[in-house]
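Peer 1: Each chain, written out:
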Amino acid sequence: MDRPAASRRARALLETLLSAEQRAELRWFKGFRIVKGNETYWISLDRKVRAYNRKINFARGFCVAPVSHEWIPNADVAITFLAWLTADVRSFEFEAVALDGFFPDVPPADEDLPAFFAAVTRSWGRPATRDGRIRASRLFDRSRPTLPTVQEVLALRAPVAPEVQLRVAGEIRELRLALERQRLDRLLRAHGVEAPAVERAARMKVMAL
Amino acid sequence: MGKMVILNETGHSELAWSTGDEESVAEAQAAFLHLVKENYVPMERKPRAYDDEFVKIERFDPTLGEIFWIRPLKGGAA
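Just so you know, the sequences run in chain order A and B. Each step along the first sequence adds one to the number in my numbering, with nothing skipped, and position 175 is 175. Each step along the second sequence adds one to the number in my numbering, with nothing skipped, and position 27 is 1027.
Simulated from the structure, these hints should not be mistaken for laboratory data. Any given hint might turn out to be false.
Stretch-level coverage of chain A by chain B, calculated; a stretch enters the list once three of its residues show a Cβ under 8 Å from a Cβ in chain B [stated by the list, open to error]:
{"id": "1", "segment": "66-79"}
{"id": "2", "segment": "86-100"}
Sample of chain B residues at the chain A side, in silico, Cβ under 8 Å [as the list claims (entries may be wrong)]:
{"id": "3", "residue": "1007"}
{"id": "4", "residue": "1008"}
{"id": "5", "residue": "1010"}
{"id": "6", "residue": "1011"}
{"id": "7", "residue": "1012"}
{"id": "8", "residue": "1043"}
{"id": "9", "residue": "1055"}
{"id": "10", "residue": "1056"}
{"id": "11", "residue": "1058"}
{"id": "12", "residue": "1060"}
{"id": "13", "residue": "1070"}
{"id": "14", "residue": "1072"}
{"id": "15", "residue": "1073"}
{"id": "16", "residue": "1074"}
{"id": "17", "residue": "1075"}
Glycine included, each C-beta is placed from N, C-alpha and C at the ideal position.
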């Protein structure tokens, strides 16, 4: 059996194991969530597992893979992670090597987590060229992920229904504004600016962004 | 009626048995032992209302519904 056919069979099997919500996430964001207490694990179809801990607002990635001498489809790898995370999360955490984590500037809401994970994926992964090689200039691009741009999120999950595009664009814009307001508050406090007129003017400027 | 799902390079392969059919149970038992030797980990799939759950098992039980054969994990591998 050729690899595309094997991948299709594996994907079909994976979908039978998921809830309707997880299937929707898989379709739009190429991954799905598993919640274990404060920890939300993200299993993506690129053979990676990431996690976000809501209690301490901390996101991290894992370096872990199934032990196999033969190639297995991405969806089978996802099933392997799914099985280990639901059956024995301690063994998973024991075996997996945690990669560089970070504290997001704005804690993502539960419903935003799929977009959040999809957006930070590129910062954790090494971008490759079309022939599979990694560009030297971007080899160790480990810059801390910030809020994704609308284009970045949409590029990761095209084709996307127009109503979803609009909703995501609105949410990201609100997050950006919240971040700007937070930054402005800190700046004003640092300079001891109390004048409401100055603050109001600055806020108006931010709102106009 | 039970089923084994073995993840492999074809996506997956399946082996079914029936509790009333001794031959198929013996065949499944033999496959179970073989796959354990191959370092696969057997997990029972337990369907739930919203998503499924997997439970690790130690020995073959013909009354189980579905057994998934999962590979062990290795950290630090690419």
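Peer 1: Tell me, in ascending order, the numbers of any earlier hints that this structure violates.
Peer 2: Those not satisfied are hints 11, 12.
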